[in-house]
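J.: The primary structure of each chain is shown beneath.
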Amino acid sequence: MEYAIQTKGLTKDYGSFVLENIDLTLPKGTILGLIGENGAGKSTLIKCLLGIIHPTAGTVEIEDTVGYVPDECPFSDVLKVSQVAAFLPGVYPGWDSQLFDSYLQKFDLPVDKKVKELSRGMKMKLTIAAALAHRPRLLVLDEATSGLDPVVRDEILDVFLDFVSDEERAILISSHITSDLEKLCDYVAYLHKGRLTVQGPKDELLAQYGKVSCTRDQLSAIPHDILVGKREGSFGCQALVSDRAVLKRALPDAAVEPATLEDIMIYTTKGER
Amino acid sequence: MLGFLKRDLSLQMVNAKFYLCFVLAFAGLAVFTDFAASFASLYLVIFSGTSIMSIFSYDEANHWETYAAAAPNGRRAMVDARYLLAAGIGVVVFLFQLVLGILDKSNQLETALLYAGAFLLYAAVILPIAYRFGGTKSRIVMIVVVAAFSALIAIGATSLQVFADGDPLAILGVLPLLALPLGAAALLISHRISRHIMAVKEL
Chain A
83 MEYAIQTKGL TKDYGSFVLE NIDLTLPKGT ILGLIGENGA GKSTLIKCLL
133 GIIHPTAGTV EIEDTVGYVP DECPFSDVLK VSQVAAFLPG VYPGWDSQLF
183 DSYLQKFDLP VDKKVKELSR GMKMKLTIAA ALAHRPRLLV LDEATSGLDP
233 VVRDEILDVF LDFVSDEERA ILISSHITSD LEKLCDYVAY LHKGRLTVQG
283 PKDELLAQYG KVSCTRDQLS AIPHDILVGK REGSFGCQAL VSDRAVLKRA
333 LPDAAVEPAT LEDIMIYTTK GER
Chain B
586 MLGFLKRDLS LQMVNAKFYL CFVLAFAGLA VFTDFAASFA SLYLVIFSGT
636 SIMSIFSYDE ANHWETYAAA APNGRRAMVD ARYLLAAGIG VVVFLFQLVL
686 GILDKSNQLE TALLYAGAFL LYAAVILPIA YRFGGTKSRI VMIVVVAAFS
736 ALIAIGATSL QVFADGDPLA ILGVLPLLAL PLGAAALLIS HRISRHIMAV
786 KEL
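First to last, the protein sequences are chains A and B. Each number in this note's numbering comes from the position in the first sequence (counting from 1) with 82 added on. Each number in this note's numbering comes from the position in the second sequence (counting from 1) with 585 added on.
No lab work stands behind these hints: they were computed from the structure. As the structure is a computational prediction, the values presented were derived from the model and not from experiment. Among the hints, a few may not be true.
Unchecked claim - Straight-line distance between alpha carbons at most 30 angstroms, and here's what the computed DSS-like set of lysine-lysine pairs gives:
#1 B:LYS722 with A:LYS162
#2 A:LYS198 with B:LYS602
#3 A:LYS162 with B:LYS602
#4 B:LYS786 with A:LYS198
#5 A:LYS196 with B:LYS602
#6 B:LYS591 with A:LYS198
#7 A:LYS195 with B:LYS602
#8 A:LYS195 with B:LYS591
#9 A:LYS90 with A:LYS110
#10 B:LYS786 with A:LYS275
#11 A:LYS196 with B:LYS722
#12 A:LYS162 with B:LYS591
#13 A:LYS90 with B:LYS786
#14 B:LYS591 with A:LYS188
#15 B:LYS722 with A:LYS198
Please work from the sequences and hints to get the whole structure.
T.: Structure representation (structure tokens):
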């Protein structure tokens, strides 16, 4: 299989919310960042991929061995870290106890403490250690870095980069923290109201998209097909465009700066067209 | 599946010390006083029934079922492990009553079979409900089931006292001997139902 994940027409219909017709690919050796506002369908998509919920339509092809890191620690607060270490080998075939112990050491996780005595960051490190210790081919993280301090996040991001370094493994990570994804990801997929609105190599997207500060007259001159979103204020206007080169040709005098993932998210969600 | 069973056992052990004190106290009373030996086992059955339900509460608190479903064969393995735990508790209840009988120098075989069978029957009813509705909602059902069981036992015992002079179990004939196989059969059927519930459940 060329891809760690490949979906075609993936749909999950809840009635009030529909995850609609998702075509997503994640090449091996890469990291895909899944972004989107709350309720956009990120967790629904991840659950469909992992078989936690059943899709209404479409197909999912995914690596056999998957390490899953949900947004909250799944291990009971009353258990000690050593008890978690004792039962997990029976849950995951291919469990590597030495590797798990090495992650516990690397993350400074005390084995004799109960899970409830660990901080949120430590709980998340424990969950990540558990996901990595059975040597998965794919790591899926659902808002796993949210709520962690920058030092812990940075430490974890290094582990992720190391994980994909052999070019055979891949990571799908959903997060609100777009700065982390800009640092980490090769590909970005943006979900908005259950639809995949933007998808592609991160560097290409960031090179293409641009944020322009302009007057109302200039705003009206922006070609409609490249206008992602706009904001009009009393002192001027701002707009996000999907093609900086086209904009430069249309408005040579306009001040254009590179867009961030956060810009793409905010303008797609809140900006008018 | 062994990993799931180990986890369930670890969670059971959290409350085990508390329950064990009660059961041993009643067992001591049964051996050294006129206190009926069957009461100790009855408490063991009640505690076991409560503690197996508490695992579902732990599952809910940490979204364990969602996490476990993403593991290889996770849905099936978590159900298998819990039924194995229930069957194991049934065996413990049976052996506990027999040992009490030996210490008490009384024949407790029929009572042991009856209690172990009753526990398995209870587990057979409550486990699919817990898988379907989760730990919190199914606690209400558990209370109804226990109340129904208790009412049946009370009505049955009163009727037996009326019809069987002094030896209520005698009138039951082979029923105590059938309790354990009936409970085991119910647990097997229940296991299949729970597996199906979890196979299609949206987590």
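J.: Can you confirm whether the C-alpha distance between LYS162 of chain A and LYS591 of chain B stays at or below 30 angstroms?
T.: Holds, at roughly 13 angstroms.
J.: Keeping to a limit of 30 angstroms between CA atoms, is the pair of LYS195 of chain A and LYS591 of chain B held or broken?
T.: With Cα atoms ~18 angstroms apart, LYS195 of chain A and LYS591 of chain B stay inside 30 angstroms; holds.
J.: Holds or violated: LYS591 of chain B and LYS188 of chain A, Cα atoms, limit 30 angstroms.
T.: Judged against 30 angstroms, a Cα distance of about 26 angstroms means the pair holds.
J.: Is LYS786 of chain B within 30 angstroms of LYS198 of chain A, Cα to Cα?
T.: Holds, because 29 angstroms separates the two Cα atoms, which is no more than 30 angstroms.
J.: Assess, step by step, whether the Cα of LYS722 of chain B is no farther than 30 angstroms from the Cα of LYS198 of chain A, and give holds or violated.
T.: 25 angstroms, holds
J.: For LYS90 of chain A and LYS110 of chain A, compute the direct alpha-carbon distance and say whether it is at most 30 angstroms.
T.: Given that 30 angstroms is the threshold and the Cα spacing comes to 17 angstroms, the pair holds.
J.: Run the distance test for LYS162 of chain A versus LYS602 of chain B: straight-line Cα separation, threshold 30 angstroms.
T.: Distance of about 17 angstroms is within 30 angstroms: holds.
J.: LYS198 of chain A and LYS602 of chain B: Cα distance at most 30 angstroms?
T.: Judged against 30 angstroms, a Cα distance of about 20 angstroms means the pair holds.
J.: Verify the proposed pairing of LYS786 of chain B with LYS275 of chain A, using a straight-line Cα cut of 30 angstroms.
T.: 24 angstroms, holds
J.: Has the given pair, LYS90 of chain A with LYS786 of chain B, been kept, meaning a C-alpha gap of at most 30 angstroms?
T.: Since the Cα atoms of LYS90 of chain A and LYS786 of chain B sit roughly 23 angstroms apart, the hinted pair holds (cutoff 30 angstroms).
J.: Between the alpha carbons of LYS195 of chain A and LYS602 of chain B, is the straight-line distance 30 angstroms or under?
T.: 19 angstroms, holds
J.: Assess, step by step, whether the Cα of LYS196 of chain A is no farther than 30 angstroms from the Cα of LYS602 of chain B, and give holds or violated.
T.: 17 angstroms, holds
In summary, this structure violates none of the numbered hints.
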